[in-house]
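Build the full structure now, drawing on both the sequences and the hints.
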Amino acid sequence: DQQVKQNSPSLSVQEGRISILNCDYTNSMFDYFLWYKKYPAEGPTFLISISSIKDKNEDGRFTVFLNKSAKHLSLHIVPSQPGDSAVYFCAARNSNSGYALNFGKGTSLLVTP
Amino acid sequence: DGGITQSPKYLFRKEGQNVTLSCEQNLNHDAMYWYRQDPGQGLRLIYYSQIVNDFQKGDIAEGYSVSREKKESFPLTVTSAQKNPTAFYLCASSKGQGVAYGYTFGSGTRLTVV
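First to last, the sequence lines map onto chains A and B.
Its first residue numbered 562, the first sequence is counted upward by one per residue in the working numbering.
Its first residue numbered -16, the second sequence is counted upward by one per residue in the working numbering.
Derived from the structure by calculation, the hints contain no laboratory data.
There's no promise every hint is true.
Derived, one-sided and incomplete: chain A residues facing chain B with beta-carbon distance under 7 Å [said to hold, decoys possible]:
{"id": "1", "residue": "604"}
{"id": "2", "residue": "615"}
{"id": "3", "residue": "661"}
{"id": "4", "residue": "665"}
{"id": "5", "residue": "667"}
The C-beta atom is built at its ideal place from N, Cα and C for all residues, glycine as well.
Encoded structure:
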């Protein structure tokens, strides 16, 4: 049963515009949420995280918003750059499973010039 | 530089054979994890270990085995009982209970059954 869901498999955005990637979750025991960027045949690289007690975290062009009541988070990339093109995974840390991460299926972002 | 090393990068296995994927980290992280990625799928947890000589099954542990004899090493054996082993395997580690700025992943091993 998928506990972390990314319902948009792909997203295309023009360079300079905002990219918004969405993620929903079902497990109330998740205490941290993380976003990873991944290229084919490579390991994911960490982008940004947010604690379940916060509603916003910002790091440069990346901002993550958490709506705990809706069990929804989103990653905003502003402005989007062609180098941002990759697959983005939403992940949630489960304090009941040795702090292992549960991943969504990913959203493939394409930023066009 | 500290990091996680997975080897080999590509691995071919004949049906019916066991194969072991290596994962070594020099980050002094306590916890280590194995994930599997299939096309169009997220990363699914196979096994995890929070301390040496202890490990727990993840969501898809059937057909896999692990050991954690040293803090730095967490090898994964794909046994002949794994019905569909062709996939991309990722090892990760984290400090203790994990930190807010994430987990460190290796670069992965692509396993193909021929």
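Hint-by-hint comparison with the structure:
Residue-level restraint check for residue 604 of chain A holds (minimum Cβ-Cβ distance to chain B is 3 Å; threshold 7 Å). Hint status for residue 615 of chain A relative to chain B: violated, with the closest Cβ pair at about 10 Å, above 7 Å. Residue-level restraint check for residue 661 of chain A holds (minimum Cβ-Cβ distance to chain B is 5 Å; threshold 7 Å). Look at residue 665 of chain A: its Cβ gets to within about 5 Å of chain B, closer than 7 Å, so that hint holds up.
Proximity of residue 667 of chain A to chain B holds as hinted, the smallest CB-CB distance being about 6 Å (cut-off 7 Å).
Checked against the numbered hints above, the structure breaks only hint 2 and satisfies the rest.
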